[in-house]
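Participant: With the sequences and hints as input, model every part of the structure.
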Amino acid sequence: MKIHKYDTVIVGAGGAGMRAAIEATKRSRTAVLTKLYPTRSHTGAAQGGMAAALANVEEDNWEWHTFDTVKGGDYLVDQDAAEILAKEAIDSVLDLEKMGLPFNRTPNGTIDQRRFGGHSRNHGEAPVRRSCYAADRTGHMILQTLYQNCVKEGVEFFNEFYVLDQLITEVGGVKRSAGVVAYELATGEIHIFQAKAVIYASGGTGKFFKVTSNAHTLTGDGQAAVYRRGLPLEDMEFFQFHPTGIWRMGILLTEGARGEGGILRNKDGERFMEKYAPVMKDLASRDVVSRSIYTEIREGRGCGPEGDHVFLDLTHLPPEQLDAKLPDITEFARTYLGIEPYTDPIPIQPTAHYAMGGIPTNVQGEVLADNTTVVPGLYAAGEVACVSVHGANRLGTNSLLDINVFGKRAGIAAAEYSQTADFVELPENPESLVVEQIERLRSSTGNERVAELRRELQETMDANVMVFRTEQTIKTAVEKIAELRERYKNVAIQDKGKRFNTDLLEAVELGNLLDLAEVMAVSALARKESRGGHYREDYPNRDDVNFMRHTMAYREVGADGTETVRLDYKPVVQTRYQPMERKY
Amino acid sequence: MATPVLDKADAAGSPEPGFADSPYITVTFRIRRFNPEVSAEATWEDFQLEIDPKERVLDGLHKIKWDLDGTLTFRRSCAHGICGSDAMRINGKNRLACKTLIKDISPEKPITIEAIKGLTVLKDLVVDMEPFFQAYRDVMPFLITKDTNEPTRERLQSAEDRERFDDTTKCILCAACTTSCPVFWNDGQYFGPAAIVNAHRFIFDSRDEAGEQRLEILNDRDGVWRCRTTFNCTDACPRGIEVTKAIAEVKRALITRRY
Ligand SMILES: Cc1cc2nc3c(=O)[nH]c(=O)nc-3n(C[C@H](O)[C@H](O)[C@H](O)COP(=O)(O)OP(=O)(O)OC[C@H]3O[C@@H](n4cnc5c(N)ncnc54)[C@H](O)[C@@H]3O)c2cc1C
Ligand code: SF4
Ligand code: FES
Numbered sequence: 029m030k031i032h033k034y035d036t037v038i039v040g041a042g043g044a045g046m047r048a049a050i051e052a053t054k055r056s057r058t059a060v061l062t063k064l065y066p067t068r069s070h071t072g073a074a075q076g077g078m079a080a081a082l083a084n085v086e087e088d089n090w091e092w093h094t095f096d097t098v099k100g101g102d103y104l105v106d107q108d109a110a111e112i113l114a115k116e117a118i119d120s121v122l123d124l125e126k127m128g129l130p131f132n133r134t135p136n137g138t139i140d141q142r143r144f145g146g147h148s149r150n151h152g153e154a155p156v157r158r159s160c161y162a163a164d165r166t167g168h169m170i171l172q173t174l175y176q177n178c179v180k181e182g183v184e185f186f187n188e189f190y191v192l193d194q195l196i197t198e199v200g201g202v203k204r205s206a207g208v209v210a211y212e213l214a215t216g217e218i219h220i221f222q223a224k225a226v227i228y229a230s231g232g233t234g235k236f237f238k239v240t241s242n243a244h245t246l247t248g249d250g251q252a253a254v255y256r257r258g259l260p261l262e263d264m265e266f267f268q269f270h271p272t273g274i275w276r277m278g279i280l281l282t283e284g285a286r287g288e289g290g291i292l293r294n295k296d297g298e299r300f301m302e303k304y305a306p307v308m309k310d311l312a313s314r315d316v317v318s319r320s321i322y323t324e325i326r327e328g329r330g331c332g333p334e335g336d337h338v339f340l341d342l343t344h345l346p347p348e349q350l351d352a353k354l355p356d357i358t359e360f361a362r363t364y365l366g367i368e369p370y371t372d373p374i375p376i377q378p379t380a381h382y383a384m385g386g387i388p389t390n391v392q393g394e395v396l397a398d399n400t401t402v403v404p405g406l407y408a409a410g411e412v413a414c415v416s417v418h419g420a421n422r423l424g425t426n427s428l429l430d431i432n433v434f435g436k437r438a439g440i441a442a443a444e445y446s447q448t449a450d451f452v453e454l455p456e457n458p459e460s461l462v463v464e465q466i467e468r469l470r471s472s473t474g475n476e477r478v479a480e481l482r483r484e485l486q487e488t489m490d491a492n493v494m495v496f497r498t499e500q501t502i503k504t505a506v507e508k509i510a511e512l513r514e515r516y517k518n519v520a521i522q523d524k525g526k527r528f529n530t531d532l533l534e535a536v537e538l539g540n541l542l543d544l545a546e547v548m549a550v551s552a553l554a555r556k557e558s559r560g561g562h563y564r565e566d567y568p569n570r571d572d573v574n575f576m577r578h579t580m581a582y583r584e585v586g587a588d589g590t591e592t593v594r595l596d597y598k599p600v601v602q603t604r605y606q607p608m609e610r611k612y
Numbered sequence: 040m041a042t043p044v045l046d047k048a049d050a051a052g053s054p055e056p057g058f059a060d061s062p063y064i065t066v067t068f069r070i071r072r073f074n075p076e077v078s079a080e081a082t083w084e085d086f087q088l089e090i091d092p093k094e095r096v097l098d099g100l101h102k103i104k105w106d107l108d109g110t111l112t113f114r115r116s117c118a119h120g121i122c123g124s125d126a127m128r129i130n131g132k133n134r135l136a137c138k139t140l141i142k143d144i145s146p147e148k149p150i151t152i153e154a155i156k157g158l159t160v161l162k163d164l165v166v167d168m169e170p171f172f173q174a175y176r177d178v179m180p181f182l183i184t185k186d187t188n189e190p191t192r193e194r195l196q197s198a199e200d201r202e203r204f205d206d207t208t209k210c211i212l213c214a215a216c217t218t219s220c221p222v223f224w225n226d227g228q229y230f231g232p233a234a235i236v237n238a239h240r241f242i243f244d245s246r247d248e249a250g251e252q253r254l255e256i257l258n259d260r261d262g263v264w265r266c267r268t269t270f271n272c273t274d275a276c277p278r279g280i281e282v283t284k285a286i287a288e289v290k291r292a293l294i295t296r297r298y
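Here the protein sequences come in this chain order: L and C. Going left to right, the first sequence walks through residues 29 to 612 as the numbering used here numbers them. Going left to right, the second sequence walks through residues 40 to 298 as the numbering used here numbers them.
Please keep in mind that the hints were generated in silico from the structure rather than gathered at the bench. These numbers were taken from a predicted model, which means no experiment stands behind them. There's no promise every hint is true.
Said to hold, decoys possible - Using 16 Å as the maximum straight-line C-alpha spacing, the simulated EDC-like pairs for lysine to aspartate or glutamate come out as follows:
1. L/526 / C/76
2. C/209 / L/356
3. L/30 / L/456
Facilitator: Now the structure itself:
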């Protein structure tokens, strides 16, 4: 075991982690721990764009952007945070341009902008061009640009280090962050990183679904680490299902495709979104479009022999436009489906995409221990966190924005904190939980297989807590997850070695997915209303009287060692906007 | 040689299913195994599996790892050609396992899979990427400007100037090009195509003002002049970057000092 001491430790090197690192490295001795090489992070998969009311191509302002964010989130958004997001959007895009990001340009050389779902002029009048983009590779360019600037700033990375535990020490009755425990993939060695400030930027948790746009490595490790230490997770029932994933594979085809004029069609060739969202049509907010697709499928208007998908039609767009604006996604269709998007429509279905919920923070990125108390020295930003700027449903292009705005804020806040704070004493045997977990897995002779449990988990999540949910389906999921958690105790791995033991780490990641799936299902069961990404067929309306509040889920361990999820609620911050019915 | 067989029932339950209307076929994956914790020698091992030929090589590797042999080790993340984790030598050519469909690589014969060449193999298909990233860092891969006052708005760039370096912005640092290069195999000191591609991305960016410095770095004895224009890199690039052309443009810029 090795012990390291840094002022600031950042967990994750995606967009949020690297944006934070650029700030923190300038101000404090910083280490970035990441389970992937930084440029492998899933921010690189983002396609469509990053929202900011630059008004480069038409009239726009941050107040309209704030409104769209609040409305898109079905009013579960904390409005003070949304306002910060929309205001600071402009500088965060300009920051990236100055760091070298190659945005697409307008004829007069400024950053070009395009339409995206849910973004409108003047409070819903018509779609507005707000998304700054670099073809359909915006996330790739953000990830590369931030990595380039980390190289420039000399950011210290620990690549292929998996953070598996959060260390917390109580000082005078206050829980404080003392550091993290990491597992080094190359050697199997355990490392303790003592740090004055820790920032989680470890990304999403989509791999508990089967059809998903998320990478294999998005297993919610950060959320699970703090949850296991008694800290809450906020709004975990809210998950976004993106309307256009490649049929059965889940690979994303950006909403930018519809922003460029792409149309969704059912088996009769009908542009069905006209029925569901007369104004915004194909560019209505994602939850609305995903439900509309499944409604078409359920009512027998789906395409293909099994009627289980619909088409994304780009055939009316000029090939030059597709080549210039959507080169990657058209190539995905060719590579993985053998389809030529110039001439043939692309089969799509909704795909599990984005976790709106996560580790609760305030607008400085400080992690909350309950509705109001912060955990000194602990921060979170990006998809792992819940500020909450996305509420019940995130607007497209608002996450690349979120990681930049709140990554920067958390980086500055954490580094400033560590400039004045002292190190918190490490708990006794800080490595014990991780060592126990790993030894148990390595020595287990049980008869359960990781891959089998993961498959069953993904199948139950897809079947029961996806686009449509009911009390019955959620209960089925809760029971299945409980069964899988029980069976997980008997899971065994084949690789017993120390070197690059990805067999072992997949088992650890599965444990995280199971914990978080339980939180999601239990939170969803209790929310007896429909709002944004959480749609209950048995409670199809939004219920502001009883549920205009954030869910806060805590892990409780009973005297006999049984674990349960305890739910509490937190008020939503409302400033300018009163809840209205959401129409597109 | 072990030849475990995966039955159809398991394959059908896989998280990335193939397509219902296409038949499964039996393929042999012949994989170069190496684990110094077990043996100092690398060996070939055959695995047979039933798979939809429209699935990816990565799906096949997952079937092996998840259902047959958990010790098989490789890197991967995004599974759709975006993160650059899984470059490997498949039937003797560098490719991304997640972007290569079984049907496209003569599945009637055993499919050979080994680690990319020229970087130290650490376990099975995992190599030490450090020298590769070091060469990348050495070309100063970041925008350098000399203006003393930061502009308040974005720097302007015409669409044509933006287009000039578009091709080389696509790089995902997968190392497929560098590790297909015979010069790199013979001399690991050579910067390699990927580093030159990333230098090109800045040399030809109208906003950048350190082109001269980068060109000097690449003028070194381990720089661009080592390139023998074998085009292996261009063939290998999963992002379709014209790597050899980018190298030629850097060479020309060194001679003419115009870029
Ligand atoms: C296909 C796709 C397209 C998208 N398109 C858009 C778009 O156009 N616009 C938009 O706004 N949003 C988009 N999104 C959403 C957005 O890209 C993501 O929400 C965002 O990039 C997440 O960034 P992040 O930094 O929080 O996490 P990530 O980029 O996922 O990074 C997570 C980091 O954490 C590290 N990590 C994870 N676990 C551990 C651990 N245990 N120990 C150490 N390190 C760990 C990983 O190595 C990685 O570096 C898209 C998402 C997807 C999947
Ligand atoms: S140039 Fe192509 S092959 Fe080389 S590292 Fe970049 S993406 Fe990979
Ligand atoms: S797994 Fe990301 S490129 Fe293949």
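Participant: Hint by hint, work out which the structure violates, then give me just those numbers in ascending order.
Facilitator: none
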